[in-house]
Amino acid sequence: MKLQPLFDRVLLEPKKAEESKGGILLPSVAQDKSQIAKVVAVGEGGTADGKDVKMLVKVGDEVLYSKYAGVEIEDGDKKYVVVRQSDILAIIK
Amino acid sequence: MKLQPLFDRVLLEPKKAEESKGGILLPSVAQDKSQIAKVVAVGEGGTADGKDVKMLVKVGDEVLYSKYAGVEIEDGDKKYVVVRQSDILAIIK
Amino acid sequence: MKLQPLFDRVLLEPKKAEESKGGILLPSVAQDKSQIAKVVAVGEGGTADGKDVKMLVKVGDEVLYSKYAGVEIEDGDKKYVVVRQSDILAIIK
Amino acid sequence: MKLQPLFDRVLLEPKKAEESKGGILLPSVAQDKSQIAKVVAVGEGGTADGKDVKMLVKVGDEVLYSKYAGVEIEDGDKKYVVVRQSDILAIIK
Amino acid sequence: MKLQPLFDRVLLEPKKAEESKGGILLPSVAQDKSQIAKVVAVGEGGTADGKDVKMLVKVGDEVLYSKYAGVEIEDGDKKYVVVRQSDILAIIK
Amino acid sequence: MKLQPLFDRVLLEPKKAEESKGGILLPSVAQDKSQIAKVVAVGEGGTADGKDVKMLVKVGDEVLYSKYAGVEIEDGDKKYVVVRQSDILAIIK
Amino acid sequence: MKLQPLFDRVLLEPKKAEESKGGILLPSVAQDKSQIAKVVAVGEGGTADGKDVKMLVKVGDEVLYSKYAGVEIEDGDKKYVVVRQSDILAIIK
Numbered sequence: 019m020k021l022q023p024l025f026d027r028v029l030l031e032p033k034k035a036e037e038s039k040g041g042i043l044l045p046s047v048a049q050d051k052s053q054i055a056k057v058v059a060v061g062e063g064g065t066a067d068g069k070d071v072k073m074l075v076k077v078g079d080e081v082l083y084s085k086y087a088g089v090e091i092e093d094g095d096k097k098y099v100v101v102r103q104s105d106i107l108a109i110i111k
Numbered sequence: 019m020k021l022q023p024l025f026d027r028v029l030l031e032p033k034k035a036e037e038s039k040g041g042i043l044l045p046s047v048a049q050d051k052s053q054i055a056k057v058v059a060v061g062e063g064g065t066a067d068g069k070d071v072k073m074l075v076k077v078g079d080e081v082l083y084s085k086y087a088g089v090e091i092e093d094g095d096k097k098y099v100v101v102r103q104s105d106i107l108a109i110i111k
Numbered sequence: 019m020k021l022q023p024l025f026d027r028v029l030l031e032p033k034k035a036e037e038s039k040g041g042i043l044l045p046s047v048a049q050d051k052s053q054i055a056k057v058v059a060v061g062e063g064g065t066a067d068g069k070d071v072k073m074l075v076k077v078g079d080e081v082l083y084s085k086y087a088g089v090e091i092e093d094g095d096k097k098y099v100v101v102r103q104s105d106i107l108a109i110i111k
Numbered sequence: 019m020k021l022q023p024l025f026d027r028v029l030l031e032p033k034k035a036e037e038s039k040g041g042i043l044l045p046s047v048a049q050d051k052s053q054i055a056k057v058v059a060v061g062e063g064g065t066a067d068g069k070d071v072k073m074l075v076k077v078g079d080e081v082l083y084s085k086y087a088g089v090e091i092e093d094g095d096k097k098y099v100v101v102r103q104s105d106i107l108a109i110i111k
Numbered sequence: 019m020k021l022q023p024l025f026d027r028v029l030l031e032p033k034k035a036e037e038s039k040g041g042i043l044l045p046s047v048a049q050d051k052s053q054i055a056k057v058v059a060v061g062e063g064g065t066a067d068g069k070d071v072k073m074l075v076k077v078g079d080e081v082l083y084s085k086y087a088g089v090e091i092e093d094g095d096k097k098y099v100v101v102r103q104s105d106i107l108a109i110i111k
Numbered sequence: 019m020k021l022q023p024l025f026d027r028v029l030l031e032p033k034k035a036e037e038s039k040g041g042i043l044l045p046s047v048a049q050d051k052s053q054i055a056k057v058v059a060v061g062e063g064g065t066a067d068g069k070d071v072k073m074l075v076k077v078g079d080e081v082l083y084s085k086y087a088g089v090e091i092e093d094g095d096k097k098y099v100v101v102r103q104s105d106i107l108a109i110i111k
Numbered sequence: 019m020k021l022q023p024l025f026d027r028v029l030l031e032p033k034k035a036e037e038s039k040g041g042i043l044l045p046s047v048a049q050d051k052s053q054i055a056k057v058v059a060v061g062e063g064g065t066a067d068g069k070d071v072k073m074l075v076k077v078g079d080e081v082l083y084s085k086y087a088g089v090e091i092e093d094g095d096k097k098y099v100v101v102r103q104s105d106i107l108a109i110i111k
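If you read the sequences in order, they're chains D, P, S, X, L, B and G.
Residue 74 in this note's numbering sits at position 56 of the first sequence, with consecutive numbering throughout.
Residue 109 in this note's numbering sits at position 91 of the second sequence, with consecutive numbering throughout.
Residue 87 in this note's numbering sits at position 69 of the third sequence, with consecutive numbering throughout.
Residue 81 in this note's numbering sits at position 63 of the fourth sequence, with consecutive numbering throughout.
Residue 79 in this note's numbering sits at position 61 of the fifth sequence, with consecutive numbering throughout.
Residue 58 in this note's numbering sits at position 40 of the sixth sequence, with consecutive numbering throughout.
Residue 109 in this note's numbering sits at position 91 of the seventh sequence, with consecutive numbering throughout.
If you're looking for bench data, these hints aren't it; they were derived computationally from the structure.
Since the structure is predicted, the reported quantities are computational estimates derived from the model, not experimental observations.
Glycine is no exception: its CB is placed at the ideal position from the N, C-alpha and C atoms.
Worth double-checking, as some hints may not be accurate.
[Stated by the list, open to error] Here are the simulated lysine to any residue pairs, SDA-like style, with alpha carbons at most 20 angstroms apart:
| hint | chain 1 | residue 1 | chain 2 | residue 2 |
| --- | --- | --- | --- | --- |
| 1 | G | K96 | G | E80 |
| 2 | L | K56 | G | K96 |
| 3 | B | K20 | B | V75 |
| 4 | S | K20 | P | E90 |
| 5 | L | K111 | G | Q22 |
| 6 | G | K56 | G | V77 |
| 7 | B | K69 | D | K111 |
| 8 | P | K85 | P | A59 |
| 9 | X | K34 | L | D93 |
| 10 | P | K33 | S | K20 |
| 11 | D | K111 | P | E90 |
| 12 | S | K69 | L | K69 |
| 13 | S | K69 | P | E62 |
| 14 | X | K76 | L | G64 |
| 15 | P | K69 | D | G63 |
| 16 | G | K76 | G | D95 |
| 17 | P | K111 | S | G63 |
[What the hints assert, rightly or not] A short list of chain L residues far from chain X (calculated; beta carbon distances all over 12 angstroms):
| hint | residue |
| --- | --- |
| 18 | L21 |
| 19 | K34 |
| 20 | D79 |
[To be verified] Covered stretches of chain X (chain L as the covering partner; in silico rule of three or more C-beta atoms under 8 angstroms from a C-beta of chain L):
| hint | segment |
| --- | --- |
| 21 | 74–82 |
| 22 | 97–104 |
The whole structure should be built from the sequences, with the hints applied where relevant.
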């Protein structure tokens, strides 16, 4: 992996709606206030202001996250988002 | 269950007013600042910024929650809401 | 009781001014920034973000609370308010 | 006493300027951002969000408090104010 | 002394510029964002929300404080200011 | 090194997009809300308000940081940015 | 020294750009959001709301600080600034 997020940050690769693992949650999520993504890299936990936070998500997890959170970055034609774990609502099992 | 909420988040399935278990609290609640829902999934507790919070609600509980809280998601024709436990006002017994 | 408030929340039944137990505090309170209510249900204490708060009010107490606080709910023709204990100013003895 | 303030709240009876015990601080205080009052009832301390605060004022104290703080209540022709102890600036000796 | 400030509050008697002990810091200070005052009374420390703060200033100290901080009070023709110790920038030696 | 950042501050030398070590993340990053930089100096950790924060970045690291964070400084024709570690999103490996 | 800053405050004497010790960082710094100053007096540490902060700067240090921070004071024709240590970005070695 090229990017190592710091503290409680997580690198996400947003998924197109039709790629969602369980085949659920698709239309509304994609247009609304949340989005589905795959976890690509995970920080070591804690926060940048010294709080003790453990990481609950791991690489490969499919997650639901707040749409307006994070910073988008691009690698050629791929798009990623760096969010804090607090912007992740749930893991899609 | 398909979604595992993180930390103190809770997955709710909002109920139509007439489905309320006790048959109470119906009209005003449905139009006002709170709503009734069934708890569908519950996070493990704690918060995303490291606070120690235990979960008081459990799957199957019927709860009253703040209407404007949370993020709505859809699964086909079903609608869910992901809220933080702090947005749940009371358990309906 | 039908509703079990969470954490430091309290279920109140607002009183009409003339019902006040001690016969005091009536006119200004009812119009101003505070109101009188009877405590109908009490949470177990603590807060939804992990603070340690004990409950000082109990079921049956008559209290003075901040008028604009809380969420109103209805049960048929009865009206209740769910507030946090921090919105209760004083117990009327 | 009819009202038992919760936590760090204090019930004050504002004084007319000419009633001030020491005969001091009168004109500007009464018109400006602070006011003089007599302490009528005192909470047990602590705060509604779990902080540990001891009460420094006691019933009978004459105090200087922030004019715009608190909630006014009336008992017939008497007026009281419920403030938090943090709104009290000083005790008048 | 007539006023006993609570917690980390301090009673100051603002000085006219020409009265400054060291004869320094005069013109700009008096017109700008800070002012010189003599400490007249000091609270016992701590804060109204339970923080542990020790008092570094003592009665008689000449201090530089934030001009827009505090509450002004009058005693006849004398003017005082009640500030929190956090509004005091420095002690003038 | 000429500048020793305090606490959790970090001195960064922003990189032109084409200089990025891994050859990735270039176009969007450079125009968007994040930027790439080389770490030139690192504070000792902790924060200016007493929080305990360890430094995860070290001199020589290439990092992704929030574009609008920090204070820009110049040394002749060289430009640097002083940011807090919390403004660094990830280390580029 | 005439002024003893309280807690984490620091008395700075801003330097004209050409006086900078290392001969660096001059033009942009002087016009931008940061400035160079010499440390003239240092508080004992801690903060006015009870946080534990140690002082990292000492008298004689040349520092880079946030331009818009602090309170300016004058002593005749000399100008000083009182800032909190958190407004100091780095020590110039």
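Taking the hints in turn, this is what the structure says about them:
The suggested pairing of K96/G with E80/G holds, with an alpha-carbon distance near 17 angstroms, which does not exceed 20 angstroms. Simply put, K56/L and K96/G have alpha-carbon atoms about 23 angstroms apart, too far for the 20 angstroms limit, and the pair is violated. A threshold of 20 angstroms between alpha carbons decides the hint, and for K20/B with V75/B the separation of about 18 angstroms falls inside it, so the pair holds. Simply put, K20/S and E90/P have alpha-carbon atoms about 27 angstroms apart, too far for the 20 angstroms limit, and the pair is violated.
Between K111/L and Q22/G the CA atoms are separated by roughly 7 angstroms; this keeps the pair inside 20 angstroms, and the hint holds. In summary, the hint linking K56/G to V77/G is supported, as the alpha carbons are separated by about 8 angstroms, within the 20 angstroms threshold. With a C-alpha separation of about 36 angstroms, the suggested pair K69/B and K111/D falls outside the 20 angstroms cut-off, and the hint is violated. Only pairs whose Cα atoms come within 20 angstroms are accepted, and K85/P paired with A59/P is accepted, the gap being roughly 18 angstroms.
A C-alpha spacing of about 15 angstroms is found between K34/X and D93/L, which places the hinted pair at or below 20 angstroms, so the restraint holds. With a C-alpha separation of about 17 angstroms, the suggested pairing of K33/P with K20/S holds against the 20 angstroms cut-off. Restraint check for K111/D and E90/P: satisfied, since their Cα atoms lie roughly 18 angstroms apart, inside the 20 angstroms limit. For the hint linking K69/S to K69/L, the alpha-carbon distance of about 16 angstroms falls within 20 angstroms, and the restraint holds.
Taking the CA atoms of K69/S and E62/P, the gap is near 18 angstroms; set against the 20 angstroms cutoff, the hint holds. Distance restraint check for K76/X and G64/L: the Cα-Cα separation of roughly 18 angstroms lies within the 20 angstroms cut-off, and the hinted pair is therefore satisfied. Restraint check for K69/P and G63/D: satisfied, since their Cα atoms lie roughly 14 angstroms apart, inside the 20 angstroms limit. A C-alpha spacing of about 24 angstroms is found between K76/G and D95/G, which places the hinted pair above 20 angstroms, so the restraint is violated.
In summary, the hint linking K111/P to G63/S is supported, as the alpha carbons are separated by about 18 angstroms, within the 20 angstroms threshold. Chain X draws L21/L into its interface by the beta-carbon criterion, the shortest separation being 4 angstroms against a cut-off of 12 angstroms. Annotated as non-interface, K34/L keeps its C-beta farther than 12 angstroms from every C-beta of chain X; the closest such distance is 18 angstroms. No beta-carbon of chain X comes within 12 angstroms of the beta-carbon of D79/L; the shortest separation is about 18 angstroms.
Residue count for the segment 74–82 of chain X with a Cβ under 8 angstroms from a Cβ of chain L: 3. That meets the three needed, and the coverage hint holds. Coverage of the segment 97–104 of chain X by chain L holds. Counting CB-CB distances below 8 angstroms, 3 residues qualify, and the rule asks for three or more.
The structure shown violates the earlier hints numbered 2, 4, 7, 16 and 18.
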